[in-house]
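Undergrad: Given the structure of chain A, go ahead and fit chain B with the ligands onto it with the hints provided.
These protein sequences, in sequence, are chains A and B. With the numbering used here, the residue at position 136 of the first sequence is 136, and numbering never jumps. With the numbering used here, the residue at position 57 of the second sequence is 57, and numbering never jumps.
No wet-lab data here; the hints were simulated from the structure. Some clues are possibly wrong.
Said to hold, decoys possible - Sample of chain A residues facing chain B (criterion: CB under 7 angstroms; computed from the structure):
(1) I7
(2) L12
(3) P24
(4) G30
(5) R38
(6) V190
(7) V193
Note that the Cβ used here is the ideal one computed from N, Cα and C, for glycine as well.
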Amino acid sequence: MQETIQINGYELVYKKPSTLTEKPFHYCPGCGHSVVHRVLMEVIEEMGIQERTIGVAPVGCSVFAYDYMDIDMQEAAHGRATAVATGIKRIHPDKFVFSYQGDGDLAAIGTAETIHAVNRGENILMIFINNAIYGMTGGQMAPTTLLEQVTSTTPYGRKHEAMGYPLKITDLLANLPGAYFVTRQAVHSVNAVRKLKKAIEKSFEYQKLNRGTSFIEVVSNCPSGWKMTPVESNKWLEENMFPMYPLGDIKLPKEK
Amino acid sequence: MIKGTVIIERDICKGCELCIVACPQESLGLSNNINLHGYRYAELIKDNCTGCVNCAIVCPDVAITVYRQPKAALKKAI
Ligand SMILES: Cc1ncc(C[n+]2csc(CCOP(=O)(O)OP(=O)(O)O)c2C)c(N)n1
Ligand code: SF4
Ligand code: SF4
Ligand code: SF4
Ligand SMILES: [Mg+2]
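Chain A on its own, in the form it takes in the complex:
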């Protein structure tokens, strides 16, 4: 880490974190999952907690997260990541534990596990990638899909009469006493990535202090499911996702 690699007398200012494995990401071009993986691993490298962190991977596009993150990891059944992370943290209270899930995983099949883990105030970090779609299985509607959004199961757009409203599960969870720090971030721009990184750092600091659940929603893209180029998808996200899922802290710790 300390090596000052030089090239034509120039110094290294950014390189891939050592906490990511050599394996190239299988994600589609421009997919936000990749950025979140990297930022998370940068924080783990910089905090020097690689040996003391355990992650739980979901079912969804990020099902192979454990192939990329060079830390101890466990795969959970679909939707059950926060329940599995609960068990791991309770057996290993001295470890940093996080779960990583998509919106189908966390807010559809796993709604019960999610709500109860936050309600118990489990001392873990939950990372929630909201791309408003089931990416892995072919772009079906998710609970988070926007009204009028076209997906493979809402070819005429989502209608609330038949399909309900976009589920703002992060706002719901923030109401639970067990939720200590709840924030909504993104990875569509340089600034957004920097802020996400800060939020992850804070969450691990809170976990060290035994404060309860930290919950980070990342409003992300799915260029393939949305049928857009990556650049178009980030523009669409700004124009359509942010009005429904505005960025910023939703619940901040009361005392310092």
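TA: What follows is chain B with the ligands alone, placed relative to chain A:
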């Protein structure tokens, strides 16, 4: 102006163009050639990179390594 440069791993790049739109110097473009996986890959097209690291911060595939003139070189940019 501080001088910098980037090295982009050609066969890791997926040609998503997110680095291109994030570069304040418009230093990057897509090659007309394709890489091992069939993607047109990003490359430096101008000699005006400042090593600001923006491209690397948004690159989903961690394909970009950034270098900068030593004077102002910070240890880690983000
Ligand atoms: C018990 C069970 N039901 C359904 C599925 C099919 N399935 C796999 S991933 C997925 C949803 C993925 O969507 P999301 O969690 O939003 O992740 P993304 O791929 O969008 O990141 C579903 C329904 C499954 N694997 N197991
Ligand atoms: S299908 Fe969507 S979420 Fe899955 S890797 Fe591709 S772009 Fe990412
Ligand atoms: S380091 Fe900054 S100036 Fe250089 S190519 Fe990347 S974004 Fe452009
Ligand atoms: S952001 Fe990364 S993957 Fe996308 S075009 Fe640039 S170098 Fe290639
Ligand atoms: Mg999803």
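Undergrad: Does each hint hold? Answer for all of them.
TA: Verification of the hints:
1. With 7 angstroms as the threshold, the beta carbon of A:I7 comes within range of chain B, its nearest partner Cβ sitting at about 5 angstroms, so the hint holds.
2. Hint status for A:L12 relative to chain B: holds, with the closest Cβ pair at about 6 angstroms, below 7 angstroms.
3. Below 7 angstroms, beta-carbon pairs count as interface contacts, and A:P24 has one with chain B at about 6 angstroms; its hint therefore holds.
4. Interface restraint check: A:G30 against chain B, minimum CB-CB distance 4 angstroms, threshold 7 angstroms, status holds.
5. Interface restraint check: A:R38 against chain B, minimum CB-CB distance 5 angstroms, threshold 7 angstroms, status holds.
6. For A:V190, the interface hint holds, the least distance from its beta-carbon to any beta-carbon of chain B being 5 angstroms, beneath 7 angstroms.
7. About 5 angstroms separates the beta-carbon of A:V193 from the nearest beta-carbon of chain B, less than 7 angstroms, and the hint is met.
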